[in-house]
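Quick mapping for you: the protein sequence lines, in order, are chains A and B.
If you read the first sequence in the working numbering, its first letter stands for residue 51, the second for the next number, and so on.
If you read the second sequence in the working numbering, its first letter stands for residue 51, the second for the next number, and so on.
It should be emphasised that the hints constitute simulated quantities derived from the structure, not laboratory data.
A quick note: this is a predicted structure, and the numbers were derived from the prediction, not measured.
Among the hints, erroneous ones may be present.
Same chains, same label: a pair holds when it works inside one copy or across any pair of copies.
Heads up, simulated SDA-like pairs for lysine to any residue below, C-alpha to C-alpha not over 25 Å straight-line [to be verified]:
no., residue 1, residue 2
1, K214, A193
2, K228, S124
3, K214, H67
4, K57, K183
5, K214, D99
6, K126, A83
7, K224, A193
Number of protein chains: 2
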Amino acid sequence: MSVLKDKILETATDLFHTRGINSTGVDTIVAVAGTTKMTLYKYFGSKEDLILEVIQKSQQDFQSWLNEKLNASSKKPSDKIQQLFDYIEEWVSSPAFIGVGFIKASAEFPNEENPIHQLSSQQSREFRQFISKLAKDASIKDADGLALQLSLLFEGSVQAEQMKRGSGAVKYAKKAAKILIDGAIKA
Amino acid sequence: MSVLKDKILETATDLFHTRGINSTGVDTIVAVAGTTKMTLYKYFGSKEDLILEVIQKSQQDFQSWLNEKLNASSKKPSDKIQQLFDYIEEWVSSPAFIGVGFIKASAEFPNEENPIHQLSSQQSREFRQFISKLAKDASIKDADGLALQLSLLFEGSVQAEQMKRGSGAVKYAKKAAKILIDGAIKA
DNA sequence: AAATAAATATACACACCTGTATATATTATA
DNA sequence: TATAATATATACAGGTGTGTATATTTATTT
């Protein structure tokens, strides 16, 4: 991947989160990235394409990071799901955290026919399936149900953190997750 | 309140939710409301003022509805908090549900200095305090902690419902809420 | 050094946005 | 009926948005 394309993606990701997607023009993006519109439109067919790539890459990066953390920490499936929110907390609390792409995008593009909304919806679904797999591996009966509940805590936490940085909401989400997981294991 | 001002508020509320706030121009609002820009700017100083009033009124309406429901159903404080998510489910599942103003607004206006963001943040806080009061009345020890957790489930549910209408996420939020409330009562 | 590719600079077409100015029509009140 | 208040119609100023056309400069390769 070209270094310039990468720089544009990175800049757009940052601006979309700090100023909003619709409020960020391509002129601003290229100015901050230190390049020109011609270059941007060489790598991305349209602003919509750029948005789609930003959302995709953000989620990919997070998923990769999370996977590595979980695999490095333990081999036991029951440990993994218990540690899920430890890493979510680490990630959300880090200074580099700027939000979750698919959550913001679905708010700015509420129409379900919109490609950006559809990609957001798909990624939310995939993340829930990821949690569900963790639960299944840990021999939890209603894995899908628990996964949905944990994803609600996750999305709620991110929302809260976006509303007010340093809210500490994730700490309580973690406690709630532990209670729900313990309950689901016993069932 | 003038009937026209009311009509504009109602139309704007609907369009903001179905198309997004930034994506909805005042021209569209007055066209759908069946009036003109001159009238809109007579009742609202600016588009920002209109947005603020829309968010304020939406939350007020919801809070009033919820309060009535809770007061009508039972006098026992411990019942009230247990029934909270019954009514949230009823509200979110109703065909008239279009989303929560302060959640969408905070996504479209991420800058914490922005008046719209600040109002959103304030309303999120007020709703959490409302839940906390329910918990305190029910003699729950860590009322603030539980209120935060329940608000995460609430915001997560709304987010999920926005992502995909009819997701049924609230049903699982309700189950999770019951577990968390029961746990908090025992503690 | 010559030829090819990549990036820049600049200008512009066209659409849409918010907000206002001005003149006209409609409705309510006295 | 005359006066005042309310709403409409229309046009426009000034800004910003996406996307493209054209020409020039820089960097890479042969």
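How would you classify K214 and A193 at a CA-CA limit of 25 Å: within, between, both, or neither?
Intra 31 Å, inter 20 Å, cutoff 25 Å: inter-copy only.
For the identical chains here, do K214 and H67 meet the 25 Å Cα criterion within one copy, between copies, both, or neither?
both (14 Å within a copy, 22 Å between copies)
How would you classify K228 and S124 at a CA-CA limit of 25 Å: within, between, both, or neither?
Within one copy only: 17 Å inside a chain, 31 Å across chains, cut-off 25 Å.
Please work out whether the CA atoms of K224 and A193 approach to 25 Å or closer within one copy, between two copies, in both situations, or in neither?
So K224 and A193 pass the 25 Å test inside a copy (18 Å) and across (17 Å) alike.
State whether the alpha carbon distance between K57 and K183 is at most 25 Å within one copy, between copies, both, or neither.
neither (34 Å within a copy, 48 Å between copies)
How would you classify K126 and A83 at a CA-CA limit of 25 Å: within, between, both, or neither?
Cα proximity of K126 and A83: none, with 44 Å in one copy and 59 Å across.
Within a copy, between copies, both or neither: which one fits K214 and D99 at a CA-CA cutoff of 25 Å?
between (30 Å within a copy, 22 Å between copies)
Hint compliance for this structure: hints 4, 6 are broken, all remaining hints hold.
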